[in-house]
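A.B. asks: Got chain A; can you put chain B on it based on the hints?
These are the residues of each chain, in order.
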Amino acid sequence: MGEHIIKLPDVGEGVAEAELVEWHVKIGDIVREDTVLAAVMTDKATVEIPSPVDGEILWLGAEIGDTVAIGSPIVRLKVAGEGNVKAAGKDAEPTAEAEAPAEPPSPQPETPQSPRATKPAEAPAKPAPPAAKTVARSSASGVPRPEGEKPLASPAVRLRAKEAGIDLRQVAGSGPAGRIGHEDIEAFLARGPQPAKTSGLARNDAVEDIKLVGLRRKIAEKMTLSKSRIPHITYVEEIDVTALEDLRAALNKEKRPARGGAERTKLTLLPFLMRAMVKAIADQPQLNSLFDDEAGIIHQHGGIHIGIAAQTPSGLVVPVVKHAEARDIWDCAAEVARLAEAAKSGTATRDDLSGSTITITSLGAMGGVATTPVINHPEVAIIGVNKMMVRPVWDDTQFIPRKMMNLSSSFDHRVIDGWDAAVFIQRIKALLETPALIFVEG
Amino acid sequence: MKEISCKLLVIGAGPSGYVCAIRAGQLGVDTVIVEAGKPGGTCLNVGCIPSKALIHAAEEFEKVSHMAGGKSPLGISVTAPVLDLARTVAWKDGIVSRLNSGVAGLLKKAGVKTVQGWATFRDGKTVEVETETGSQVIRAETIVIATGSAPVELPFLPFGGPVISSTEALALNEVPKKLAVVGGGYIGLELGMAFAKMGAEVTVVEALPRVLAQYDAELTRPVVKRLAALGIEVMTGAKAKGLSTKGDALLVETSDGKSGKVAADKILVTVGRRPVTEGWGLEQIDLDRVGKFIRIDDQCRTSMRGVFAIGDVTGEPMLAHRAMAQGEMVAEIVAGHKRGWDKRSIPAVCFTDPELVTAGLSPEEAKALGGEIKIGLFPFAANGRAMTRLGEDGFVRVVARADNHLVLGIQAVGQGVSELSAAFGLALEMGARLEDIAGTIHAHPTLGEGFQEAALKALGHALHI
Numbered sequence: 002m003g004e005h006i007i008k009l010p011d012v013g014e015g016v017a018e019a020e021l022v023e024w025h026v027k028i029g030d031i032v033r034e035d036t037v038l039a040a041v042m043t044d045k046a047t048v049e050i051p052s053p054v055d056g057e058i059l060w061l062g063a064e065i066g067d068t069v070a071i072g073s074p075i076v077r078l079k080v081a082g083e084g085n086v087k088a089a090g091k092d093a094e095p096t097a098e099a100e101a102p103a104e105p106p107s108p109q110p111e112t113p114q115s116p117r118a119t120k121p122a123e124a125p126a127k128p129a130p131p132a133a134k135t136v137a138r139s140s141a142s143g144v145p146r147p148e149g150e151k152p153l154a155s156p157a158v159r160l161r162a163k164e165a166g167i168d169l170r171q172v173a174g175s176g177p178a179g180r181i182g183h184e185d186i187e188a189f190l191a192r193g194p195q196p197a198k199t200s201g202l203a204r205n206d207a208v209e210d211i212k213l214v215g216l217r218r219k220i221a222e223k224m225t226l227s228k229s230r231i232p233h234i235t236y237v238e239e240i241d242v243t244a245l246e247d248l249r250a251a252l253n254k255e256k257r258p259a260r261g262g263a264e265r266t267k268l269t270l271l272p273f274l275m276r277a278m279v280k281a282i283a284d285q286p287q288l289n290s291l292f293d294d295e296a297g298i299i300h301q302h303g304g305i306h307i308g309i310a311a312q313t314p315s316g317l318v319v320p321v322v323k324h325a326e327a328r329d330i331w332d333c334a335a336e337v338a339r340l341a342e343a344a345k346s347g348t349a350t351r352d353d354l355s356g357s358t359i360t361i362t363s364l365g366a367m368g369g370v371a372t373t374p375v376i377n378h379p380e381v382a383i384i385g386v387n388k389m390m391v392r393p394v395w396d397d398t399q400f401i402p403r404k405m406m407n408l409s410s411s412f413d414h415r416v417i418d419g420w421d422a423a424v425f426i427q428r429i430k431a432l433l434e435t436p437a438l439i440f441v442e443g
Numbered sequence: 067m068k069e070i071s072c073k074l075l076v077i078g079a080g081p082s083g084y085v086c087a088i089r090a091g092q093l094g095v096d097t098v099i100v101e102a103g104k105p106g107g108t109c110l111n112v113g114c115i116p117s118k119a120l121i122h123a124a125e126e127f128e129k130v131s132h133m134a135g136g137k138s139p140l141g142i143s144v145t146a147p148v149l150d151l152a153r154t155v156a157w158k159d160g161i162v163s164r165l166n167s168g169v170a171g172l173l174k175k176a177g178v179k180t181v182q183g184w185a186t187f188r189d190g191k192t193v194e195v196e197t198e199t200g201s202q203v204i205r206a207e208t209i210v211i212a213t214g215s216a217p218v219e220l221p222f223l224p225f226g227g228p229v230i231s232s233t234e235a236l237a238l239n240e241v242p243k244k245l246a247v248v249g250g251g252y253i254g255l256e257l258g259m260a261f262a263k264m265g266a267e268v269t270v271v272e273a274l275p276r277v278l279a280q281y282d283a284e285l286t287r288p289v290v291k292r293l294a295a296l297g298i299e300v301m302t303g304a305k306a307k308g309l310s311t312k313g314d315a316l317l318v319e320t321s322d323g324k325s326g327k328v329a330a331d332k333i334l335v336t337v338g339r340r341p342v343t344e345g346w347g348l349e350q351i352d353l354d355r356v357g358k359f360i361r362i363d364d365q366c367r368t369s370m371r372g373v374f375a376i377g378d379v380t381g382e383p384m385l386a387h388r389a390m391a392q393g394e395m396v397a398e399i400v401a402g403h404k405r406g407w408d409k410r411s412i413p414a415v416c417f418t419d420p421e422l423v424t425a426g427l428s429p430e431e432a433k434a435l436g437g438e439i440k441i442g443l444f445p446f447a448a449n450g451r452a453m454t455r456l457g458e459d460g461f462v463r464v465v466a467r468a469d470n471h472l473v474l475g476i477q478a479v480g481q482g483v484s485e486l487s488a489a490f491g492l493a494l495e496m497g498a499r500l501e502d503i504a505g506t507i508h509a510h511p512t513l514g515e516g517f518q519e520a521a522l523k524a525l526g527h528a529l530h531i
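Going line by line, the protein sequences match chains A and B.
Start counting the first sequence at 2; every next residue gets the next number (this note's numbering).
Start counting the second sequence at 67; every next residue gets the next number (this note's numbering).
Isolated chain B (complex conformation):
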C-alpha cells in the first residue's frame, strides 16, 4: 500500500474543494485533492453549468418557435424550427468537458496533486483512497471535507426507469412528450420550463400551496404567470404517491384529497438535495452534526481539530458561490492567515423565465428584525431597455432600514436580471445606503437603472414612475 503525506488534503473537487485547493496551492501549502469523478463537482458536471446550457438552448428554441407562429411583434417570421436534443446535449457536454480540463489545469498550475479515487477516513489525520491502481493512504495535517450533496430520492418513487433526477434530465437524448415534475422549487421549475419550451407537456406537482415557496409571492408572481403562458400545469397542494403499475403515469393526491394520475414519459423528481455524509467514513471521526449537515463554526472548522468542512455538506444555502468563498477562506486559514466568515450576503439566482435574484433580506425578514423599514419597488414596465427586449414583466425591489437608510436586501424578477446580482451583492457587502445607490449613475438604457430607481423610490423621489 502506497502512502503519501501532505499539509492539506481536500476531499472532493467541487466548487468548494477545488477553490480551496487552488488557493492553498497559490499560498504554497503542500496540497492534495481527492475526487472520484471529474473535477468541478455537481455545479460543473450536473448542475449550474449544464442546466444553464440547456435552459439557453430551450430559450432560443422557444423564441424561434414563437417567430414561426408569425406572431412575433419584432416582425420576424421563420419556418418551424426543429430541435435535435442529442446535439444540444453534446454541445453542453463539450462546454462541461472544457471546464473540467480548465479546473484540472488550474489545480496543476497551483501545484496541487490530484488523486483520482474514492476517499474513506481512517482517522482524523488519515484517509484511504481507492484508486484504479490500488489503495493509497494519505496522511495530512489538515483535512477539508467537501463531499457536496446529491438529489433527494423519494422512497415511493425511486430513481430508475422513467423516474429521473436532475442529473439524468440534463442528459436526455430526446425531449419527453409528457414530463411530470415532482417539486416546484427552483431546480424543478428551471428544468420544467426549459423542457416546456422544447415542446414537452409539463405538469408540476408541488406539495406546498405555491411554487418557489422560499421566495415571497410578490417576487414569484411574474414566474407563475409565465408558467401558465407556457402551458405548464401547476398542481399545488398535491402529493406525489408513486409510479403507476404500467410505469406511464405519476400517481398523485390532489389538494382536495382525490387520487389522480398524471400521464408522463418521464418523471423528474426535484424535491431538494441532501448532504453526502455516507460512504466516506464519517462514522470513523464522529463529527458533530446539525440535522444531516456537518456542524461548522465561522471558520468552517468541524468539531474535530484539524478537520474543516465546506460546501453543500455544511448546509444551506447550497450554492456554488458560497462554497467557493468557504473554500478560499479555509485555504487562507490553513496557510496561517486570520480569516473568518463575515459575509453580509450570499446572492441567489433562479434561472426560471423570468429570472429571480435575491440578495440580503426579504421585506418579511427585514421586518422581523424589529426596526422600521423602507421598501422601494420599480417595475420594468417603466424601464426602456426592458421594453425593447420584450421583458416588461418584473421589477427591482430594495429593502432598507428606515432610520439610517442602510440597504438590507435587494430582489429582482425579470428577463436577464441574474446579471444584476453583481450590483446587488456589491451594494450589500459595501454597506450601501439608499443614497449611495441613488447617487450612482446607472448606464442608460439598461435594466440596472431599475435598481437606482428602486432606491430613489424608497427615498420617496423616483424619477421615472
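Chain A extracted, bound-state conformation:
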C-alpha cells in the first residue's frame, strides 16, 4: 500500500489559484480512476478535478470556499502499490534536500517539494494536524440521530426530561454517539417552548448562515464593482417588432439549409438584435469600449464581442459571441446556441466566458416591462431585452394590435452622454422595426 498525492492541476492559462467550490468525495471513500473528486472555480469557469488512480481517500486538503494555489496537494489517496509519495522521496534522496523525504505530505497549500532543511525540527510534528482532522471526521459524534432511532441518555437525564415534559426525541445530543446529557436538556429548556407543530402559522426566528462561495461570490464581487464604480443611466424604449417577427417566422419556415448542407439553427430574436447592434456600433464605436477608469483610458474595440448574460442552474454566467461584426445572422444564431448549451451543461471554457466588449441581458419569458440592467464592468453599455407582447398601438385612426417589446439599456454615464445613449437605442429601434435595413450593406 502506498500513498498518492493529488495536487491542484493548472486549470487555466495564467491562473495561479482557484477556489474550491465542491467536494464530491469524503474521507474513507473508495474512488476509481476518473471519479470526480472536487470542483474548483477560477474567474469564470468551474473545473472538475478527476482522480488519476484508484484508491481510498485519506485526507482532503481544503474546505469549501478555500482558495487553493495551483500545485498544492488537495487529496491524499491510499493506493495499491507504491503510490507517488515514496517515489518522490526516492527521487529527492540523492539531492541535498536530506530532510525532504522524511517530511510527510503537508496539508498547507504550499508547494510540497519546498525544501524545509532550515527547520528540520518541525518535521516530526507535521503529521498531527491531518491525523487529528481524520479522527474528528470519522467519529460519529454530533451526527444527527437517524429517524426512528431511540435517543441515548442516562436514566437520570431521562427522568429529568420526563419531569420537565420534554420529549427526548426532540433534543439533540452533544455527547459521544449522540448521547444526551444534562447540558443538552438545559440548552433545550433555555431555548424556550417551541411553537406547536399543529398551528398553521408560526414565527420562525431561525437565521441560517450561508457562506458565499463559488460563482455566487464572483457575481457578488462583480456586481459590487459595477454598481459602486459606474454611474448608470438607464434608457427604456419600446420597439414594434411585428415586421421582425414576420420575417423571423418566414426565415424559420423556409428552412434553407446552410452552405454545407447542414441544418440551420432556428432563429430567435437575439441574432437580429446582435446584427442591429453591430450596425449601430458602426455609427457610434465608443459604445463598444472597455473603460479603464484607473488609468483614465477608454479602450475602443474594433471587434464586437457580445456577452449574452444567461441563467444556469448554478447562477449567472456570460458566454461571449466573438466578432459579431464578422458573423451573419445564421452564424450568430449558431454561436448563441452552442454557447447556451455549453453554459447549461457546465462545459463552457474559460475562453467562452470572457472577453466581451458589450453585453445583452434577457430574462427571457419572464421578461417584465422594464429592467435596470447592471453594466458588465469595464464595459460601457448593456442592452436589456424585455418580454415581447401584443399591445394596442394607435395608428392615428384606430388602435391596432402590434407585437411590442421594450429594450431597457444602461450606459456608463461617465463616458456616454444621455443623448448618445438615446441615439444608439433609436438607431437599433429603427433597424429592428424595419428589419430589411439590417441586411443592407453600409
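Mixed in with the good hints there might be a few duds.
[As the list claims (entries may be wrong)] Below 30 Å or equal to it, Euclidean Cα-Cα: the simulated DSS-like pairs (lysine-lysine) are:
1. B:305 x A:27
2. A:388 x A:430
3. B:118 x B:174
4. A:228 x A:27
5. B:175 x B:244
6. B:305 x B:243
7. B:191 x A:163
8. B:175 x A:163
9. B:433 x B:409
10. B:404 x A:163
11. B:175 x B:404
12. A:151 x B:358
13. A:223 x A:8
14. A:163 x B:243
15. A:228 x A:323
16. A:151 x B:409
17. A:27 x A:151
18. B:73 x B:175
19. B:175 x B:409
20. A:151 x B:404
21. A:323 x A:345
22. A:8 x A:212
23. A:151 x A:267
24. B:137 x B:243
25. A:223 x A:212
26. B:244 x A:163
27. B:327 x B:312
28. B:409 x B:73
None of these hints come from the bench; they were simulated from the model.
C.D. replies: Leaving out everything else, chain B in the frame of chain A:
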C-alpha cells in the same frame, strides 16, 4: 360484609406488587395490598431465593465431594461428605421466612395496609377478598394487577406423585436417586445441575435440538460441557410422553422417533411458566390480551382506565427485577409523576454451572438491526482471577455498533459472572461506548477485567490476549 376504600389497590404481593405498594406508600398514596400466600411471591417463596439457596448448598457439597476424591488440585483432602437435605431445606426455609417478614415489615413501614386473602374483581373499581374472617369488599381509584405466573403443567404429565414442579423440587426431604428433568431451559438446568451435584442421577429431556435455546450456542457451550462433566444425560430433540404405568419411569420419544424409558424417582417438569389470569375475575373486566398475557402500554396501563398490570402476568421476560421496576414506575405514575418505560436493558442471569449473564442484544439480534457491528470476546482462560478460582471456562462478550461504538449488548459465561450483571446493566443504561468501558479502570485481579478486555478487543487492541 365489610367495605373499605383506598386510592390504590395492588393484587398480589410478589416482587412487582410489593415494590409498587411500598413505593406508593412512600409517596403518601393510600395503598392496600392483597395477597393469598406469603409476601414475596414466586421469587421469594418458590423461585429465585430458595433455588439459589439450594444451588449454593449443592455447589458446596460438590466441592467437598471433589476434595474427598483426593483429586483436588488445591491439595485439600477430606473424608466423604454427607448431605442431610432436610436440614438444607430447613436452612433455606429460614432464609425465606426472614425475607417474608422483611417484606411485610417494609410494607408496614411504608404505611401500606395488607389484606390476607384471595381477591376477585367485581368491576374495574371493586374487588372482593375472601379472607379468613369473611369476605371484604375493597373499592379503589386505581387497581394494579400483579398476579404473577405459575409453572406450566403438561396434560399428559400432570403434577402429583412423582411428577413435580420447581416448587416441590425446592422442598424435597431427600435427594432423588434418579431425577428426570423435562425441559432444558434455565430452571430445569439450574435445578438439574444442583441435584446432580447432590448425588442424583439426572437426565434432561429437551424437545428442541439444544438446551438453553434462548441463548446462542457459543454462550452455552461451557454449560453443555459442564453438564457432561457432572454426568448429566442430555436428550435433545426428545419428547416426554407420559408416566410409565408403574410410575417409576418417564416415557420418551427420542430424536430418532423411538420410544424409550427414563427410570426416575422424580420427574421435574420445567417447560415454562404461564401468567395467572384465572380465578380472580379477569372475565369481569375483560382486558385486552397479548396471547395469554395482559396487554399493557409503556406505562403498564391495561385497556381499562384506572387498571394497571405489572410483573409476569404482563409477559416476557418473566423476571423479578423487571417486575420490580414496573411496580416502582406504576406507583410513581399513580402518585402523579410523569413516568414511562424507557429502560434500555433488562439483564438476565442463569445460575447454571457456569453462570450465564446477558444484557442487551445478542450478536444475532444486533446484526438484525441492519447496521455493522463489532464483537469483542475475552476468554477467562486469560484472566488471572478465573485461574485462581478454578474457573477458566467461559468468557465476556461485548457487542457494539461499528459506526459509533455504542455498546448494544454484553454477555458472559463463567463461574460467578452473575455479579457482573451490575456492570453490564449500568454500561447499557448509561449509553456507554466501547471507549467508555475500555477507559474505565477495572480492579485487578477480578473477573471484571474480562469486561474491559472484551471492550478493548472490540476496539482492536486487547492487552492480555
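A.B. asks: If a hint holds in the structure, say so; if it doesn't, say that too.
C.D. replies: Structure-based check of each hint:
1. B:305 x A:27: violated (58 Å)
2. A:388 x A:430: holds (15 Å)
3. B:118 x B:174: holds (27 Å)
4. A:228 x A:27: violated (39 Å)
5. B:175 x B:244: Given pair residue 175 of chain B, residue 244 of chain B is violated - Cα atoms ~46 Å apart, limit 30 Å.
6. B:305 x B:243: Judged against 30 Å, a Cα distance of about 22 Å means the pair holds.
7. B:191 x A:163: The hint holds at about 28 Å.
8. B:175 x A:163: holds (29 Å)
9. B:433 x B:409: At roughly 21 Å apart (the allowed maximum being 30 Å), residue 409 of chain B and residue 433 of chain B satisfy the hint.
10. B:404 x A:163: holds (6 Å)
11. B:175 x B:404: holds (25 Å)
12. A:151 x B:358: Holds. Residue 151 of chain A to residue 358 of chain B sits at ~29 Å (cutoff 30 Å).
13. A:223 x A:8: holds (29 Å)
14. A:163 x B:243: Judged against 30 Å, a Cα distance of about 56 Å means the pair is violated.
15. A:228 x A:323: holds (25 Å)
16. A:151 x B:409: holds (11 Å)
17. A:27 x A:151: Given pair residue 27 of chain A, residue 151 of chain A holds - Cα atoms ~27 Å apart, limit 30 Å.
18. B:73 x B:175: holds (18 Å)
19. B:175 x B:409: holds (29 Å)
20. A:151 x B:404: Holds, at roughly 19 Å.
21. A:323 x A:345: At roughly 19 Å apart (the allowed maximum being 30 Å), residue 345 of chain A and residue 323 of chain A satisfy the hint.
22. A:8 x A:212: Since the Cα atoms of residue 8 of chain A and residue 212 of chain A sit roughly 25 Å apart, the hinted pair holds (cutoff 30 Å).
23. A:151 x A:267: Judged against 30 Å, a Cα distance of about 60 Å means the pair is violated.
24. B:137 x B:243: holds (24 Å)
25. A:223 x A:212: Distance of about 17 Å is within 30 Å: holds.
26. B:244 x A:163: It is violated: about 55 Å lies between the C-alpha atoms, which goes past 30 Å.
27. B:327 x B:312: Within the cut-off at roughly 12 Å; holds.
28. B:409 x B:73: holds (27 Å)
Against the hints set out earlier in the document, violations occur for numbers 1, 4, 5, 14, 23 and 26.
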